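> Given these sequences and hints, build the entire structure.
Under full-length UniProt numbering, the first residue of the sequence shown carries the number 1, and numbering increases by one thereafter.
Please note that a few of the clues may not be correct.
[Unchecked claim] DEER-style ranges, computed between Cβ atoms:
no.	residue 1	residue 2	range
1	R459	D324	30 to 38 Å
2	D345	D407	15 to 23 Å
3	D324	L233	54 to 62 Å
4	Y455	D410	37 to 45 Å
Think of the hints as simulated: they come from the structure by calculation, not from any bench.
Owing to the predicted nature of the structure, the values given are computational and were not obtained by experimental measurement.
Each residue gets a CB set at the ideal place from its N, CA and C atoms; glycine is no exception.
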Amino acid sequence: MTSEVVYNLLESPVSIIHSKTPMHLASHSVRVLDLTTCYVSRSPQLHSIVILPAPEFVWVDPTFLGQFGPSIILNYSTASLDPGNLRGGLVGALCACILGKKGHNIDVFEYRADPRSADEKLSRGKSINLALSTRGRATLARAGLEDLIISNGIPMKGRMLHSVTGQQKKVLYDPNGHQCIYSVSRRDLNNVLLTAAEKMPNVKLHFRHKLVSADPAKGKLQLQNREGHQESLIDFEANLLIGADGAHSAMRQQLLKRRRTNFSQTYIEHGYMELSMLPRPDGKHAMEKNYLHIWPRDQFMMIALPNQDGSFTVTLFMPFQNFDEISSPEDVKSFFRKEFPDALDLIGEELLISDFLSSSPSALISIKCSPLHAQRAVLIGDAAHAMVPFYGQGMNAGFEDVLILDDLLDNWDVHGIEKCLANFTETRREDAQAICELAMYNYTEMRHLVNQRGYYLRRLVDQVLNKVFGNGWVPLYNSVTFTRIPYSQCIQKRKWQDEILEKMKNVFVAGTAVALVGVALQYRSNIPFRIEYLGK
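What follows is the structure in structure tokens.
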């Protein structure tokens, strides 16, 4: 094929490129690995270069991406993709990192101020330390950040259950000791993700921007710029709008206005309050650090996750009514002395009273939404499926959304973005609802069922069958936490396991009954002989 080098790409409205050799465009050095015939034109609407595919595939080296405005999806020839990503929280920041690595131009709009700023570092904000597991790790790995995050996390190999008397019981996630989850700081993780995204030349972070309106059909946004002393309205347009703006999503509210959407939100009667357990005087953790500590008390519970600085983040989950009944220092001491005596000693009365009485319990919400998209806009993370935090999957599920969306976008072309997002809804809807339900169920398990003998019997049976059948019998918690099996399939497998165990129990009961009847009949047949023998 004849090579043709084009120097006037930016000036020419249309240029035809035939090349399998390196070429130079203006002052930029661009290396093309396998560029077959394609047409390059300027888009007056987006002020960007759009690559319109020829019949053959186009594969472009990443050094080309992002240098002339919009970018190219690598796996197939496509038009450019400029996602406007709303909210710089965990899911939004990681989404920017992963799509940014593909060369897409990303604008991240965050309602709040930069959490890395000096003022924001002084604010406490919400924490509920995060439990990082397989799904989240897989997404971080794609961004090239898994090792960094893991190295700053603390492995937790199981639960440590604390009784009212202070006795402790270890419940390992994996009896063989191979699997664990990681306690990571929400603030530290968010800072790492934002910094990683910010380092990319094709990713721009915009803080203190409030979404005013969105038109998903045209990919248009109107935002209120709250930076500086004077607020102003700005308009923004993108090929793809990604709403990663949390449980109270402004983007979701915009989509609800524009298409028929099934939406439900449920506040549970329990709230949560965060407390602190400081390190010992020698700087070490006050409890064993490689466990998720749980104080189950039937109607409420307390948990503690370790931090790198030797402290624990302690979270009390309890009905709001119970919180309302504790209003004085003596109430706090009395309640903890009765329910959590060992924790009271470890936290210390003075710090506990200060933390408790200076805080108010926060609400816990579960949200389900379907569909998860509208035209050129899509919801991910808590915006799509907020859940109560009792399965440790909120962040992991949100991160997995990014992984799935990224995979689907690899097959997107200029005419197929709506179909791509429809596929995302179809792929993720059932699983999103499944994990919301599992999270709600796990609260009952953590605060109540772990005190029941049946819980440990079932765990023992699951462990034995898992050892015998391997991947043919994976316990529910392990399949959710340590695999990427879709959440809905995890539930289906659990139901199948329940049915098998029920049949085994029935067979055992029936077999035992038959044996007892046989023994009784045998015993009965021997009665006359015994009477006769005794009579002699």
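> State the violated hints by number, sorted upward, taking the hints as numbered earlier in the document.
2 and 3
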